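In order, the protein sequences belong to chains W and S. Just so you know, we're using the working numbering here: the first sequence kicks off at 13 and counts up by one. Just so you know, we're using the working numbering here: the second sequence kicks off at 37 and counts up by one.
Simulated from the structure, these hints should not be mistaken for laboratory data. Bear in mind that the values here come from a model prediction, so they are computed numbers and not experimental data. Be a bit skeptical, because a hint or two may be false.
Pairs of lysine-lysine residues, derived as DSBU-like cross-links and limited to a Cα-Cα distance of at most 30 Å, are as follows [to be verified]:
1. W/18 with S/75
2. W/51 with S/105
3. W/124 with S/105
4. S/135 with W/102
5. W/184 with S/160
6. S/160 with W/18
7. S/75 with W/124
8. S/75 with W/141
9. S/135 with W/79
10. S/135 with W/69
11. W/79 with W/18
12. W/58 with S/135
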Amino acid sequence: MKDIIKITFPLVVIFVVAGVIMAVTYQYTHPVRVQAEKKEKELALKEMAPQATDPIKPAGTWTVNNKPYEYYQATAGGKPIASIAETAGKGYSSYIKMLVALSPDMKISDVKVLDMNETPGLGDQVLEKSFLDQFKGKSLPQIVLIKGETKENIQAVSGATYSSRGVTNGVKDAVQMLVDKYGAGIKTAAAQGVTK
Amino acid sequence: MSNNVSLGTLFKNGVFGENPVFRLALSLCPAVAVTSGVKNGFLMGVAVLFVMTMTNVTVSLLRNFINPKVRIPSYVFITATWVTVIDLWMSANQRAVYKDMGLYIMLIVAFAIILSRAEMFASKNKLLPSFVDGVGMGVGFLLALMLLGVFREFLGKGSLWGAQILPGKPLLIAIMPTGGFFAMGLMMGGLNWMDRKFFGGTGGGGGGHH
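I would like the entire structure built from these sequences, with the hints used as guidance.
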């Protein structure tokens, strides 16, 4: 009995003190982290729609890969100039998280990868501008991944087909969702304000 | 390795004579996993240097308090505490770095090299030598990771620290996990050969020098 206490007591003391140290660190770092994350998000959204003069507002949530993501409306002087959606696509070894911006004519204006964990040297080539810039100016039917030369569609990065597919699928889902939500607006002619 | 060794020797020992990766052959798993680029190797090395030093210091301070029968859980918990501290701090104050290596930080808890320095050195030595040993081993680990990173990134991507130097990719396999093992083996062999040839050592890397 005495032995048990002699062995356990120092261990318990270490655990408790360590717990306190971690709790205190968390106490001080957590608010900073939340702040930084919020600011990062605002900055990323702002980059997706540089012409926006008003603060970019969340417009709702949607689901892809069984996870909820948000989408946003960017406006300048009250007029909608871009819809932005958070999205993700399944790559080779991770879900590639992205932001996709659509101009009011439902063409992609920008794609930005927020987070991914693809193979260094192979899969992470989808981060390169030459791949992501292919999406710019394309509309929904054009977002098809092709292995080989293409100007009309999206050309997969050789050696990173799965990752390319992940990005393309994620973008496609997001564009589909935004077109379903806002696309009707352009077809019914003189629709100025985008409604649902 | 006892108290009569000068601190300078102790430091040099950690960096060269008993380099954790090339000499003691410990923590090879993370050394292969994160060295696909120089930058990753460097960042990982810095994180390990911090955790290593803090763990050594803490274990040394508590060496008469920790009951030998439960020393391993104690060491692991001390390591885990410092890893959590640096993880939380980085997630708040070093966002850019954290994005690149947040995934690897938590793994430091299970690094053989940290546990082994606590067990082999810090638990038997006073504060100052333990501190120096931690710094020395940490710097040794950092240099080894960077060396591997230079080798693999240059061959695999033709770049260093993300800056493109060669136009193409001379040997893509170098940044794949397989290439990590090749790089590690070649480098360990090369260093042993150099040690034997120029410094008159026994070149006994991988099994402990001296």
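(request) Taking the numbered hints from earlier one at a time, note which ones the structure violates and give those numbers from smallest to largest. (result) 1, 2, 3, 5, 11
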